[in-house]
Amino acid sequence: MRAFSGERDGEAGALASFVGYCRTESPNGPVNQLELDHYPGFTEKEVSRLAHSVAMRHNLLDLLVIHRIGVIPANDPVVLVAALSSHRAEAFAATVEMMDYLKTDAPFWKRETGPDGSRWIEPTAADYARRSEHSK
Amino acid sequence: MRAFSGERDGEAGALASFVGYCRTESPNGPVNQLELDHYPGFTEKEVSRLAHSVAMRHNLLDLLVIHRIGVIPANDPVVLVAALSSHRAEAFAATVEMMDYLKTDAPFWKRETGPDGSRWIEPTAADYARRSEHSK
Amino acid sequence: MTRILFFGRTRDAAGCGEMDCEIPAAIESVADLRAWIASRDPELGAAIAAKDIRVAADQCICLNEGASIRGASEIAFMPPLSGG
Amino acid sequence: MTRILFFGRTRDAAGCGEMDCEIPAAIESVADLRAWIASRDPELGAAIAAKDIRVAADQCICLNEGASIRGASEIAFMPPLSGG
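Chains as they are written, first to last, in the numbering used here: chain A, 1 to 136; chain B, 1 to 136; chain C, 1 to 84; chain D, 1 to 84.
Since the hints were made in silico from the structure, they are not lab data.
Fair warning: there could be bad hints in the mix.
As the list claims (entries may be wrong) - Computed Cβ-Cβ distance ranges for the label pairs, DEER-style:
| id | chain 1 | residue 1 | chain 2 | residue 2 | range |
| --- | --- | --- | --- | --- | --- |
| 1 | C | L63 | A | H134 | 14 to 24 Å |
| 2 | A | E133 | B | S53 | 22 to 32 Å |
| 3 | B | S53 | D | P24 | 31 to 41 Å |
Stated by the list, open to error - The following residues of chain B were derived to be distant from chain A, with all beta-carbon distances above 10 Å:
| id | residue |
| --- | --- |
| 4 | S17 |
| 5 | G29 |
| 6 | R49 |
| 7 | F92 |
Unchecked claim - Looking from chain B toward chain A, a few residues come up when the C-beta cut is under 8 Å (computed):
| id | residue |
| --- | --- |
| 8 | G10 |
| 9 | A12 |
| 10 | G13 |
| 11 | V19 |
| 12 | G20 |
| 13 | Y21 |
| 14 | T24 |
| 15 | E25 |
| 16 | A55 |
| 17 | V71 |
| 18 | I72 |
| 19 | A74 |
| 20 | N75 |
| 21 | W120 |
Note that the Cβ used here is the ideal one computed from N, Cα and C, for glycine as well.
Please put together the full structure from these sequences, using the hints given.
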């Protein structure tokens, strides 16, 4: 990402970022790993579309989204979002919004495995409520 | 900071962060450098107090604040805030709030120098408005 | 030949992530497809019948049950999306 | 002997970041101190008279103009704070 490579433009005063980790405990109990399923081709296209819409809405200079797939051991990072803009309010709003979209609108399916087996994790009512605060 | 050192706790699912840079242009014109004055002893004490209050209010697991002083060339980073928590809403809110406090309540004085001389930069009405949204 | 993809909990029900099928010419809509799959495999049919399972034809989400899937080379069954 | 510190634009007016002064015993409050400095250096007095210049005595912010600065070993004049 250019934000980290030194090619950042002099107008860029604000870099907000977020890293989401696989926690070792979920509301369902201990977690050993997550498994992130995706739809090759479609997932990339949809995430790009969401990212583009977020970048336009918040006048970003740059937006990076990295999302892991496959098996993710507990404690590992899962997702990184970084938004570069002139001012901090836009960078913060874009990072929050991109994360909210990823939780409900990005084609990933997440299976959590603990000592007592595994279960699919789907968005919560809180996730949908946060997402509905943004218009697309 | 523990968040980056691998000593992060398994409960920590969310790391939000912010880097503020010295822009090459301000509303006053081109900028060559910032000079950040501080009050040795008092500045550290006040920033710690603000950080502690933000960490308590948002149930953080960790909060890092790094703020540069002295001469800062245009394009350089000035401040880093990183908040670690179980869930993303708390991490985002804490990062935003800490930045808002730094803009209005932390003992720093900022002089901007451009080709046409230098001027002291004080908080704007927008900075005070953002800060007043948080109770302390 | 149409490739049918199953994600999330529909993959568990299908027992695999994808299958290649010869879909009969009479199957025109999303609703037809769900019924046809249920007639061949009632358990899988029940899993994909849930209201929150969306269908995409050639990587475009079908807006309703009447949407045509005729001629699609790839059809996906997708439970609620959730990344992050 | 009391060390007086000047930050931000008050430093420009003072021409230095700090000065050591023997403050007369009659100077008890923040208001007294501002007046005493103005009597010795009217330009600096004007710079520190602005309502938004706060005073800290021994690293505690004085809450009002009547606050005592008696016995403080360090007094600071601080324009509006602004980091970030």
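Hints, verified against the model:
At roughly 21 Å, the beta carbons of L63 (chain C) and H134 (chain A) sit within the given window of 14 to 24 Å. Between E133 (chain A) and S53 (chain B) the Cβ separation comes to about 27 Å, which falls inside the hinted range of 22 to 32 Å. For the pair S53 (chain B) and P24 (chain D), the supplied restraint of 31 to 41 Å holds, since their beta-carbon distance comes to about 39 Å. Listed as a non-interface residue, S17 (chain B) fails to keep its Cβ farther than 10 Å from every Cβ of chain A; the least gap is roughly 5 Å.
The non-interface label for G29 (chain B) is consistent with chain A: the shortest C-beta to C-beta separation is roughly 13 Å, beyond 10 Å. Every CB of chain A lies more than 10 Å from the CB of R49 (chain B), the least distance being 22 Å, so the non-interface label holds. The Cβ of F92 (chain B) sits about 5 Å from the closest Cβ of chain A, inside the 10 Å cut-off, so the non-interface label is violated. The criterion of a C-beta within 8 Å of any C-beta in chain A is met by G10 (chain B), whose closest approach is roughly 3 Å, and the hint holds.
Below 8 Å, beta-carbon pairs count as interface contacts, and A12 (chain B) has one with chain A at about 6 Å; its hint therefore holds. Annotation: interface hint on G13 (chain B) holds; nearest CB of chain A at approximately 4 Å, less than 8 Å. Checking V19 (chain B) against chain A by beta carbon gives a least distance of about 4 Å; that is within 8 Å, so the hint holds. About 6 Å separates the beta-carbon of G20 (chain B) from the nearest beta-carbon of chain A, less than 8 Å, and the hint is met.
This hint holds: Y21 (chain B) has a C-beta 5 Å from the nearest C-beta of chain A, less than the 8 Å allowed. Proximity of T24 (chain B) to chain A holds as hinted, the smallest CB-CB distance being about 3 Å (cut-off 8 Å). The interface hint given for E25 (chain B) is met, as the beta carbon of that residue sits about 6 Å from the closest beta carbon of chain A, less than 8 Å. About 18 Å separates the beta-carbon of A55 (chain B) from the nearest beta-carbon of chain A, more than 8 Å, and the hint is not met.
The interface hint given for V71 (chain B) is violated, since its Cβ lies 17 Å from the closest Cβ of chain A, which is over the 8 Å cut-off. Hint on I72 (chain B) is violated. Least Cβ distance to chain A is approximately 12 Å, over the 8 Å limit. Evaluation of the A74 (chain B) hint against chain A yields a held restraint, the C-beta minimum of about 6 Å falling below 8 Å. With 8 Å as the threshold, the beta carbon of N75 (chain B) comes within range of chain A, its nearest partner Cβ sitting at about 6 Å, so the hint holds.
For W120 (chain B), the shortest C-beta to C-beta distance to chain A is roughly 18 Å, which exceeds 8 Å, and the interface hint is violated.
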